[in-house]
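For reference, the chains in residue letters:
There are 2 protein chains.
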Amino acid sequence: MDIHKLIKPLVQKNDSKIVLYVADGLGGLPQAPGGKTELETAQTPHLDKLAREGVLGGSIPVAPGISPGSGPGHLGLFGYDPVEYLIGRGALEATGIGFELQEGDVAIRANFCTLDSGGNISDRRAGRIPSEESAPIAIRLRDVKIPGVTVFVEPVKEHRFVVVLRPDDAKGFGGEVADTDPQATGVPPLAAKALDPSSERTAEVCNEFIKQVRVLLKDEPKANCCTLRGITGKPSIPSFEDVYGLKAAAIAVYPMYKGLASLVGMDVIGDASTLDDQMAVLKDAWNDYDFFFIHFKYTDSTGEDGNFDSKVKRTEEYDSGVPKIMHLQPDVLISTGDHSTPAMLASHSWHPVPTLLWAKHCRSDGAQSFGEQQCLTGGLGQFEAKHLMTLAMANAGRLAKFGA
Amino acid sequence: MDIHKLIKPLVQKNDSKIVLYVADGLGGLPQAPGGKTELETAQTPHLDKLAREGVLGGSIPVAPGISPGSGPGHLGLFGYDPVEYLIGRGALEATGIGFELQEGDVAIRANFCTLDSGGNISDRRAGRIPSEESAPIAIRLRDVKIPGVTVFVEPVKEHRFVVVLRPDDAKGFGGEVADTDPQATGVPPLAAKALDPSSERTAEVCNEFIKQVRVLLKDEPKANCCTLRGITGKPSIPSFEDVYGLKAAAIAVYPMYKGLASLVGMDVIGDASTLDDQMAVLKDAWNDYDFFFIHFKYTDSTGEDGNFDSKVKRTEEYDSGVPKIMHLQPDVLISTGDHSTPAMLASHSWHPVPTLLWAKHCRSDGAQSFGEQQCLTGGLGQFEAKHLMTLAMANAGRLAKFGA
Chain W
1 MDIHKLIKPL
11 VQKNDSKIVL
21 YVADGLGGLP
31 QAPGGKTELE
41 TAQTPHLDKL
51 AREGVLGGSI
61 PVAPGISPGS
71 GPGHLGLFGY
81 DPVEYLIGRG
91 ALEATGIGFE
101 LQEGDVAIRA
111 NFCTLDSGGN
121 ISDRRAGRIP
131 SEESAPIAIR
141 LRDVKIPGVT
151 VFVEPVKEHR
161 FVVVLRPDDA
171 KGFGGEVADT
181 DPQATGVPPL
191 AAKALDPSSE
201 RTAEVCNEFI
211 KQVRVLLKDE
221 PKANCCTLRG
231 ITGKPSIPSF
241 EDVYGLKAAA
251 IAVYPMYKGL
261 ASLVGMDVIG
271 DASTLDDQMA
281 VLKDAWNDYD
291 FFFIHFKYTD
301 STGEDGNFDS
311 KVKRTEEYDS
321 GVPKIMHLQP
331 DVLISTGDHS
341 TPAMLASHSW
351 HPVPTLLWAK
361 HCRSDGAQSF
371 GEQQCLTGGL
381 GQFEAKHLMT
391 LAMANAGRLA
401 KFGA
Chain R
1 MDIHKLIKPL
11 VQKNDSKIVL
21 YVADGLGGLP
31 QAPGGKTELE
41 TAQTPHLDKL
51 AREGVLGGSI
61 PVAPGISPGS
71 GPGHLGLFGY
81 DPVEYLIGRG
91 ALEATGIGFE
101 LQEGDVAIRA
111 NFCTLDSGGN
121 ISDRRAGRIP
131 SEESAPIAIR
141 LRDVKIPGVT
151 VFVEPVKEHR
161 FVVVLRPDDA
171 KGFGGEVADT
181 DPQATGVPPL
191 AAKALDPSSE
201 RTAEVCNEFI
211 KQVRVLLKDE
221 PKANCCTLRG
231 ITGKPSIPSF
241 EDVYGLKAAA
251 IAVYPMYKGL
261 ASLVGMDVIG
271 DASTLDDQMA
281 VLKDAWNDYD
291 FFFIHFKYTD
301 STGEDGNFDS
311 KVKRTEEYDS
321 GVPKIMHLQP
331 DVLISTGDHS
341 TPAMLASHSW
351 HPVPTLLWAK
361 HCRSDGAQSF
371 GEQQCLTGGL
381 GQFEAKHLMT
391 LAMANAGRLA
401 KFGA
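Chains W and R supply the protein sequences, listed in that same order. Per UniProt numbering, the first sequence starts with residue 1, numbered consecutively. Per UniProt numbering, the second sequence starts with residue 1, numbered consecutively.
Warning: the hint list may mix true and false statements.
Identical copies carry no separate label here, and so any pair may be met within one copy or between two of them.
Claimed, not checked - Derived DSSO-like pairs: lysine-lysine, alpha-carbon spacing no greater than 27 angstroms straight-line:
#1 Lys401 - Lys157
#2 Lys297 - Lys401
#3 Lys360 - Lys36
#4 Lys145 - Lys193
#5 Lys49 - Lys36
#6 Lys17 - Lys247
#7 Lys401 - Lys17
#8 Lys8 - Lys193
#9 Lys13 - Lys401
#10 Lys5 - Lys193
#11 Lys313 - Lys49
#12 Lys313 - Lys360
#13 Lys297 - Lys313
#14 Lys17 - Lys324
#15 Lys360 - Lys49
#16 Lys401 - Lys36
Because the hints were derived from the structure by calculation, they are not lab data.
When you get a sec, could you build the whole thing from the sequences and use the hints?
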């Protein structure tokens, strides 16, 4: 089912406010069978109060058993089918460092590599060159000049950097070019090869880029060449305003989440570095937007670290933000995660994400607190994350009846 | 997934009886958070008994967050994907007044309007002309004669009437013609314009119809012209018998629901005006059909009125019909609604609809009564309404194994 096709004709505007308060990697696992998860262990009085008034459920980010990355995890929460709307690796890498892609751009993940005197790759990661050495080298690559194209080069970490090609031609570049990394040593890098006719020029520009890189870096002992991977155009995603008629703002600390929000056309607002900052930005912008996406990172990072106790503490910090949101009297508040990150797994996982929807007419389900166990019998059941925005819109009175 | 494609090869016949007992708008909301819904408040001893023996769940009419009209709501219950099988506005309006559309017909919602002396619309609704004035004028339009076409005109209410064009040509008319209502005053009505080649003749006939209307009504002070909207063919829906191999009867009081049942090829039987009448019709026809759809309207109309207590009373009336059905010993009884109509919202809503399936081998779930809360932990879980007929067929022993 194409949910956007279903929803778009039903959208009606009003002055309601919707807040999507995301604790990245919220869902967890107990340390021993029968025990409590991180969320169930945490003292979360504010979320528990909302759970009593609201409705709970389990959000399945992509499909049962699928552990998503941040890209599909957030696209699902934003109401986009994460299997249909794929963000190419290059575009995701550029987005992740806060680079704002434009229509027609091509984004590329590049790796420094070492070529031997015969022109064959001797090290695919240039000896895992440290960031402090690689960043200045990446910046030197800004000297590459290709007629008709603006070339952006941004250091990332160690041997990794990002290249964005922006053609002067308004038609833009095709984004279908194969990787130049041969995935082997003792052989030369591959030439960039277009996978469709509209990407012929993109491939030529990629080859010209590498040619100039080899000249610029010919005296480097380790990073004397690079390979290009994940070559992709800006993903073609209908904007949040177009689909939902919502003026939307994103309040995040980390570039990746700002980038994901900007890919769907949200305004990235404020310059917060703490949750308190984020809440201050929210308050200041409250009258200017219909929808707010607030991203809290540390429930994921502590989960990734495998640190159960830290994740509990960070969950409590997340809970402490709730009264500041509720003080502004939103019409709909959703608390959820983009995926589970159980400390016991120290990684993203496939488990349904505890989800709480609070609104005046949400039909509450008798839950007394917010946790994985309570979500199992919640009134939202288990549902694909992509339906959450439709529920938010309905609860905000922003969807007309379908059919007569 | 195309459920019909899946089911059709599996259908096997037997002498079981299935009853789909629909309380329109059944689901509700408590008057205050934590309180009881209309269904939970009502004394429903007969449904509660079935709940103890049967299995409960929550039916999602179309998709999470979508509030359906009666058309998509019922198509879902009949096992048709309500997004795939759309009923055009003209066809639904004709259906709603009990007009039986045939293959090849084109149905149109028409509005009387007022033209000024310059031929511009001065009132798009002819001064909201009262029904007692407009009905005789609509009937006069039956004098329109167009070669090769039978023209039906039926009054509806105030400025609204229905036109059905039935071509002599067995190929029928295309139903893709744009509205002639310019949605503005001070401008002339639009000419009917075909949106595809097969609808060219339809558009010509529409324009000829309007031309004759202007002559017939030239002396009317208010309703001296009309606009045509929602011009649509009969929806192409595979019949109930074709999909399920069921000989099906509909027992309804209101034309809309008779019409919806006839669109999927059910026989509309009896001439009931009360629930007692409907049960008498059911009893009389018991041996003649495999499947019975019984429609009870008043749980919806009281909900639409925002009258919680009346909806409770009407729910109790609905419950009183249960023993009369059970006395006939059906093999499968389903009690559900086409959508929720909480009195608190005084409108159709998106909330899952309480659903009860009773059959010998339904695997009951320990529920002690029938209500929204009990349905949350019911054995059917939350499911899209379109799957309900497959469950009915399975419980009736009418579906063979899929694959070896």
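(message) Going through the numbered hints above, which ones does this structure break? Give me the numbers in ascending order.
(response) Nothing - there is no hint that the structure violates, so all of them hold.
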